[in-house]
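From just these sequences and the hints, can you work out the full model?
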Amino acid sequence: MPGTKEYPAARVDREVMRRRFLGLIVSVALMLAMVATPARAVLNTGEVDLDEVKGVPAVVPHSDSERIANWQKLQFGLFMHWGVYSMFAGSYNGTPQGIGYPEQIKAWMKIPDDVYLQEAAKMTAEKWDAGHVCRTAKNAGMNYVMITTKHHDGFAMWDTKTTDYNVVKKTAFGKDPLKQLQQECAKVDVKLAFYFSIIDWTKHEAEPYRNLNPIPESMMPYILAQIDELMTGYGPIAEFWFDMGAPTADQSARMADRVRQHQPDVTVVNSRVWNDKGDFEVGGDNAVPRDFRIGPWESILSIFPACWSYCNTSKANRSEESLERKTISAIDGLVTVVSGGGQFAYNVGPKGDGSFDPYDQRVLDNIGEWMKRHPKAISGAQATWFPVPEWGRITANDNALYFFVPKSTWSGGRKVSLAGLANKVRSVAIDGGKALEFTQTGAELSVTLDGDAPDSFMNVIKVELDGTPRMVPQQTVRLVKGSGVIEGSDLLSRNGAKRYPVAVDSYVLGDSDKAVDSVQLTFTASGLAPETKYRVWFGDNSVEVTGQELLDGSVGEGFKLEPNQVARIRLELAKPVYYATPLGVRVSKVEVSAESAEDSAPEFVVQPMSQSVVEGAEVEFRARAVGRPAPTYQWYRVSAGKERKLEGETSPTLSFEAQLSDNEARYFVVATNALGEQRSESALLTVREAAANLALNKPSRQISTGWGGLASRANDGNTDGVWDNQSVSHTAHATDPWWEVDLGKSYDLTEVNVWNRSNLDRCGAESCDQRLKDFVLLVSEKPFPEVPLSQQMVNPDVQAVQVPGVAGYPSVVQMAGKKGRYLRVVLPGTSKQLALAEVEVFGKKPSSAPEISELEISGEPAEDIKPITSDRPAVQVKLGATLRLAVEAAGTPAPEITWQRNTGDWTQEGANWVDLEAKGPEFTLEVAAEHNQWVVRAVAVNEAGEAATDPLSIVVVSEPSFTAQPKPIEVKEGEQAAFEVAVDGLPTPGVEWLRALPKADTEGAADVAPLDDDPIWESVGEGLKLEFTATKELNGALFKAVATNPSGSIATEPVMLRVIADTPVPDPTPSPDPAPVPDPTPSPDPAPVPDPTPSPDPAPVPDPTPSPDPAPVPDPTPSPDPAPVPDPTPSPDPTPRPGPSKPAPSQPAPSKPAPSKPAKPKLPRTGV
1 MPGTKEYPAA RVDREVMRRR FLGLIVSVAL MLAMVATPAR AVLNTGEVDL
51 DEVKGVPAVV PHSDSERIAN WQKLQFGLFM HWGVYSMFAG SYNGTPQGIG
101 YPEQIKAWMK IPDDVYLQEA AKMTAEKWDA GHVCRTAKNA GMNYVMITTK
151 HHDGFAMWDT KTTDYNVVKK TAFGKDPLKQ LQQECAKVDV KLAFYFSIID
201 WTKHEAEPYR NLNPIPESMM PYILAQIDEL MTGYGPIAEF WFDMGAPTAD
251 QSARMADRVR QHQPDVTVVN SRVWNDKGDF EVGGDNAVPR DFRIGPWESI
301 LSIFPACWSY CNTSKANRSE ESLERKTISA IDGLVTVVSG GGQFAYNVGP
351 KGDGSFDPYD QRVLDNIGEW MKRHPKAISG AQATWFPVPE WGRITANDNA
401 LYFFVPKSTW SGGRKVSLAG LANKVRSVAI DGGKALEFTQ TGAELSVTLD
451 GDAPDSFMNV IKVELDGTPR MVPQQTVRLV KGSGVIEGSD LLSRNGAKRY
501 PVAVDSYVLG DSDKAVDSVQ LTFTASGLAP ETKYRVWFGD NSVEVTGQEL
551 LDGSVGEGFK LEPNQVARIR LELAKPVYYA TPLGVRVSKV EVSAESAEDS
601 APEFVVQPMS QSVVEGAEVE FRARAVGRPA PTYQWYRVSA GKERKLEGET
651 SPTLSFEAQL SDNEARYFVV ATNALGEQRS ESALLTVREA AANLALNKPS
701 RQISTGWGGL ASRANDGNTD GVWDNQSVSH TAHATDPWWE VDLGKSYDLT
751 EVNVWNRSNL DRCGAESCDQ RLKDFVLLVS EKPFPEVPLS QQMVNPDVQA
801 VQVPGVAGYP SVVQMAGKKG RYLRVVLPGT SKQLALAEVE VFGKKPSSAP
851 EISELEISGE PAEDIKPITS DRPAVQVKLG ATLRLAVEAA GTPAPEITWQ
901 RNTGDWTQEG ANWVDLEAKG PEFTLEVAAE HNQWVVRAVA VNEAGEAATD
951 PLSIVVVSEP SFTAQPKPIE VKEGEQAAFE VAVDGLPTPG VEWLRALPKA
1001 DTEGAADVAP LDDDPIWESV GEGLKLEFTA TKELNGALFK AVATNPSGSI
1051 ATEPVMLRVI ADTPVPDPTP SPDPAPVPDP TPSPDPAPVP DPTPSPDPAP
1101 VPDPTPSPDP APVPDPTPSP DPAPVPDPTP SPDPTPRPGP SKPAPSQPAP
1151 SKPAPSKPAK PKLPRTGV
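With the numbering used here, letter number 722 in the sequence shown gets 722, and the count goes up by one each step, no holes.
No lab work stands behind these hints: they were computed from the structure.
Only a predicted model underlies this, so the values are computations on that prediction, with no experimental measurement involved.
Mixed in with the good hints, there may be bad ones.
What the hints assert, rightly or not - Straight-line C-alpha distance at most 27 Å; calculated DSS-like pairs for lysine-lysine:
| no. | residue 1 | residue 2 |
| --- | --- | --- |
| 1 | Lys376 | Lys138 |
| 2 | Lys179 | Lys127 |
| 3 | Lys1025 | Lys967 |
| 4 | Lys110 | Lys351 |
| 5 | Lys187 | Lys138 |
| 6 | Lys122 | Lys175 |
| 7 | Lys844 | Lys919 |
| 8 | Lys203 | Lys277 |
| 9 | Lys372 | Lys315 |
| 10 | Lys175 | Lys203 |
| 11 | Lys407 | Lys110 |
| 12 | Lys372 | Lys434 |
| 13 | Lys773 | Lys698 |
| 14 | Lys514 | Lys424 |
| 15 | Lys407 | Lys773 |
| 16 | Lys138 | Lys415 |
| 17 | Lys122 | Lys169 |
| 18 | Lys866 | Lys919 |
| 19 | Lys514 | Lys73 |
| 20 | Lys575 | Lys560 |
| 21 | Lys514 | Lys533 |
| 22 | Lys179 | Lys161 |
| 23 | Lys866 | Lys878 |
| 24 | Lys54 | Lys560 |
| 25 | Lys169 | Lys351 |
| 26 | Lys187 | Lys372 |
| 27 | Lys967 | Lys1032 |
| 28 | Lys179 | Lys73 |
| 29 | Lys514 | Lys481 |
| 30 | Lys73 | Lys122 |
| 31 | Lys122 | Lys351 |
| 32 | Lys161 | Lys175 |
| 33 | Lys161 | Lys122 |
| 34 | Lys533 | Lys575 |
| 35 | Lys698 | Lys745 |
| 36 | Lys844 | Lys819 |
| 37 | Lys560 | Lys533 |
| 38 | Lys138 | Lys170 |
| 39 | Lys127 | Lys175 |
| 40 | Lys782 | Lys819 |
Below you can see the structure in the form of structure tokens.
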């Protein structure tokens, strides 16, 4: 049949089920934690007053395109694979074909061209009757017949001018069956449809495993010419069904356009023209999706799934006891697809002689009989928006609903119910039979089944309503004070034809009996593309907005909420490139506001909700307050009792990545407007350490690969298990089939999750999940020997766990105490197929003691951090700098790194180490004086031991500074003089005292001129205090202190020493002499140094008429002046003036030159 994209069965996404399950767990956890929940009021459908509340339409409409809508209304058709391959019936030279479909027997069995043509020549088709085919289809309730015009073998089943390799020229039959079908089907109002293989084994090599041959451009004229013949020679063609190959997007477009060019208002093209160029989607071979899907789609199912063309081998069980089961399977497929919004094509391949096998004919006839018993349950019926009930399926036709209850489900006295029905029920009865008891409470209907199953194939109940079906969905949210929030559990994701969501629906009911003209919607969603155009619906009105507009805030211009009317909200793509293009947006919340125009203070209608997440997960707290003017927001975080404002977090949503440090933190938001503010309830955040799936993307293998289900699909992280999504591994039939993963190293295992396939998917007559039951898990530290399972179970190197029953979603297998590197899932039994959605392995590596690296030292500024080379690691850090220490540690489990300092002598055994607050691989220290001489280390600890770095000594340094400066002093000659300073710096600076002596003039007079610009400084002492005996030679000397440590040096400002000569003892009875007349021009000599033992001289006789003397010129190198004779009547100024003096000749030279210092400011000249 259609190519070797062979699928065991397409399956329905169980994501909804999983989300509900997880949502239930989260809801229970939140209730136990007494967390805040958003303001929401989901409607109780049992309390709906149908006289007041008006529901929304319950029937799914057909496409807006008349061409596609006409195709959708066909609903049910007969698919036929008939060609030369039918002559082989699935065997060649007496050997049944093993792998592959029989219509591809030429490639699989490597039949030579000449032998194949010989078989074609034998094809008389003596029992072919196109009229019978069309009537059989019509009697079965089918509305079209689709035949293979050309399969992969390239043999054309019509009278074509493009090749002689055709049914007219190469078979004994010699007629055009397509022309016959055109004529006969028109007589019974059955449409004609064509299958057409893109690949053609006469043009390129066969590749039956995949049938995805690229299409050479040289083939395109040939293909297009054949399309032209088919589309122009056989009247209206309802459907053109391309198959297989790997054409380019341009080639796909040209083929589809060529079909439409000929019959633009009639023919639809399937998706296997590829590259999203078709009009409707076709799933996998034999795929019967059990979910509802929006848009045009088709399911194809063969009477025998392993044979699309006729076969009489073991692949086709035509036993009498299987007939009823086969009929039920066909009708179940039909009901499932039509009630899910799709089109159903049922395949029956005629024999080589053109006839239907009697068994196959009886199946088709049985379907026809059932359709006649229930003429409106399928024909003309449509899908509904009601959720798929657990008891069966639902369709709608005119003013009635049809309930399909499988024979296996029917039980007398059992109640089947439907919630959300907004019509009043007039009657309930077995379709074509007796009435059934029912009750209707509000919008909930309950029907009581009676007696045994009334139909041998599929039971149908007809529910007559008071009008066209309407509904009040169970997820409808009633607004409170004009506002409401629709949570994720109340949002309905609508799958498109590709099974991926193309729309998100939700429903609201106002709380006012008046219409509201100002409805605003705010979406909380991930995946919104800012530039993409989306369409937002509210009831029958819609607006087109960009993703950015949805991200920025609310939308809703023109949205109106009618009183007592349920309104549907929908988000979808406004202009999808392809009708089945996925929406690509995950909506987690919709907020609805229908506010009044009065000013009001903020009031929260959505409270932030407590969450429990794993480390690294995205956290989103959402709040919303109503009020006029619109409130502004500010978020806060509370941890360890401290409340902190989150700067910049001023939107209704707070999003961030959860860290372990966020565990147990609480978050709240304050809404403010001109009329006041309100604080929300606080939400608790619980952050758990993430457990790693050890099997994820590790090397995996299996006993064999069946249907293209690679082993890697079972450990790719995708647990949805949908075959069409390439998420399921699959083996071929085998004894004890197995799947295995190599974890790379040995682990102490804790848990294994084995994810089964969906229980909604069908694999033949049973759901696919039923195949995985009573499986075995094997664990080993060594590769498994290739021996039977029975030997594996007794192998001492292998540990086995048997898991009874059907596997779940997932089956959680506790593995405590088991250790291994290799894990194998085995399905015991003969002729079994093992299919896995996912295998997750959790555990921990065997413990290993930590290993720790040397400390890495850095900091800022970098020049202030200097490692010290010594026997023991040390670092010199400038005061105020930032010191960073980093370390790496390895071990299993991952070690915890703690930083410590020593409070004693760390070189001694049993040294006292104290933990610092710092944890982790980096330690940062803003260096202060108290950190001097700290000794620190990093310690890595896990359950297997600990390791520590070598201790590091921290030497804190800072430039010297004087906290007390020396002061000028004045002392008498012979007394003790002292200069003193106070100094700061690390390490404690050393202080050196320097002195610069004054000069003396050549005449021996005291010279108090300043020192040279570059005086000679000599070292005269060390320490904070300099003490010495004052001598006359030191009069006028300058002193300064220089403080030095490794960070630098600094000097005080020079200060002067003044040495005062001893004052003579005055005469006890002096005669009063007149005051001497001072020299009007006194010489600038320094004050005379008094004689330490002066003899009393008579008072000098003053000159009666003294003349002014010129000011003496000072000797540049004055010699010491003799002590003057004291005046018995001293002048009123007793204070001598300082002057420079030379060092005594006997004074030793400085022992070392003064250190080079920065230039000091010049001293002012001094003198008398």
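Verification of the hints:
Of the supplied pair hints, the one linking Lys376 and Lys138 holds, its CA atoms being roughly 15 Å apart against a limit of 27 Å. This hinted pair checks out: Lys179 and Lys127 have alpha carbons roughly 17 Å apart, not beyond 27 Å. A C-alpha spacing of about 12 Å is found between Lys1025 and Lys967, which places the hinted pair at or below 27 Å, so the restraint holds. Only pairs whose Cα atoms come within 27 Å are accepted, and Lys110 paired with Lys351 is accepted, the gap being roughly 21 Å.
Of the supplied pair hints, the one linking Lys187 and Lys138 holds, its CA atoms being roughly 11 Å apart against a limit of 27 Å. With a C-alpha separation of about 14 Å, the suggested pairing of Lys122 with Lys175 holds against the 27 Å cut-off. Taking the CA atoms of Lys844 and Lys919, the gap is near 23 Å; set against the 27 Å cutoff, the hint holds. The straight-line distance between the Cα atoms of Lys203 and Lys277 is roughly 24 Å, inside the 27 Å bound, and the hint therefore holds.
Using a Cα cut-off of 27 Å, the hinted pair Lys372 and Lys315 is violated, with the two alpha carbons roughly 31 Å apart. Straight-line distance between C-alpha atoms of Lys175 and Lys203 comes to about 24 Å, which keeps the hinted pair within the 27 Å bound. Note on Lys407 and Lys110: the hinted pairing is violated, with a Cα-Cα distance of about 45 Å set against a maximum of 27 Å. In summary, the hint linking Lys372 to Lys434 is supported, as the alpha carbons are separated by about 17 Å, within the 27 Å threshold.
Only pairs whose Cα atoms come within 27 Å are accepted, and Lys773 paired with Lys698 is accepted, the gap being roughly 25 Å. Between Lys514 and Lys424, the direct Cα distance comes to roughly 24 Å. Compliance with the 27 Å bound is thereby established for this hinted pair. Under the criterion of a C-alpha separation no larger than 27 Å, the hint pairing Lys407 with Lys773 is consistent with the structure, at around 25 Å. Straight-line distance between C-alpha atoms of Lys138 and Lys415 comes to about 35 Å, which puts the hinted pair past the 27 Å bound.
Proposed proximity of Lys122 and Lys169 is supported: the alpha carbons are some 12 Å apart, at most 27 Å. Taking the CA atoms of Lys866 and Lys919, the gap is about 24 Å. The hint holds against a cut of 27 Å. Proximity of Lys514 to Lys73 is assessed by CA-CA distance (about 40 Å); at most 27 Å being required, the pair is judged violated. For the given pair, Lys575 sits about 24 Å from Lys560 by alpha-carbon distance, which is consistent with the 27 Å threshold.
Note on Lys514 and Lys533: the hinted pairing is violated, with a Cα-Cα distance of about 33 Å set against a maximum of 27 Å. Restraint check for Lys179 and Lys161: the C-alpha separation of about 15 Å stays at or below 27 Å, so the hint holds. The suggested pairing of Lys866 with Lys878 holds, with an alpha-carbon distance near 9 Å, which does not exceed 27 Å. This hinted pair checks out: Lys54 and Lys560 have alpha carbons roughly 15 Å apart, not beyond 27 Å.
With a CA separation close to 20 Å, the supplied pair Lys169 and Lys351 stays within the 27 Å bound. At most 27 Å may separate the alpha-carbon atoms for a hinted pair to count; Lys187 and Lys372 meet this at roughly 20 Å. Between the alpha carbons of Lys967 and Lys1032 the distance comes to roughly 19 Å, so the proposed pair stays at or under 27 Å and holds. With a C-alpha separation of about 25 Å, the suggested pair Lys179 and Lys73 falls inside the 27 Å cut-off, and the hint holds.
Restraint check for Lys514 and Lys481: satisfied, since their Cα atoms lie roughly 13 Å apart, inside the 27 Å limit. A distance of roughly 40 Å separates the Cα atoms of Lys73 and Lys122; the hinted pair therefore is violated under the 27 Å criterion. Distance restraint check for Lys122 and Lys351: the Cα-Cα separation of roughly 13 Å lies within the 27 Å cut-off, and the hinted pair is therefore satisfied. Between Lys161 and Lys175, the direct Cα distance comes to roughly 14 Å. Compliance with the 27 Å bound is thereby established for this hinted pair.
At roughly 22 Å between alpha-carbon atoms, Lys161 and Lys122 fall within 27 Å of each other, so this suggested pair holds. Distance check on the hinted pair: Lys533 and Lys575 sit about 7 Å apart at the alpha-carbon level, within 27 Å; holds. For the suggested pair Lys698 and Lys745, the alpha carbons sit about 11 Å apart, so the restraint of at most 27 Å is met. Of the pairs offered as hints, the one joining Lys844 and Lys819 holds, with about 9 Å between alpha carbons and a cut-off of 27 Å not exceeded.
Pair hint Lys560 plus Lys533 holds up; C-alpha atoms about 22 Å apart against a cutoff of 27 Å. As the CA atoms of Lys138 and Lys170 are separated by approximately 31 Å, the hinted pair breaks the 27 Å bound. Note on Lys127 and Lys175: the hinted pairing holds, with a Cα-Cα distance of about 13 Å set against a maximum of 27 Å. Proximity of Lys782 to Lys819 is assessed by CA-CA distance (about 11 Å); at most 27 Å being required, the pair is judged to hold.
Comparing the model with each earlier hint shows violations of hints 9, 11, 16, 19, 21, 30 and 38; every other hint is respected.
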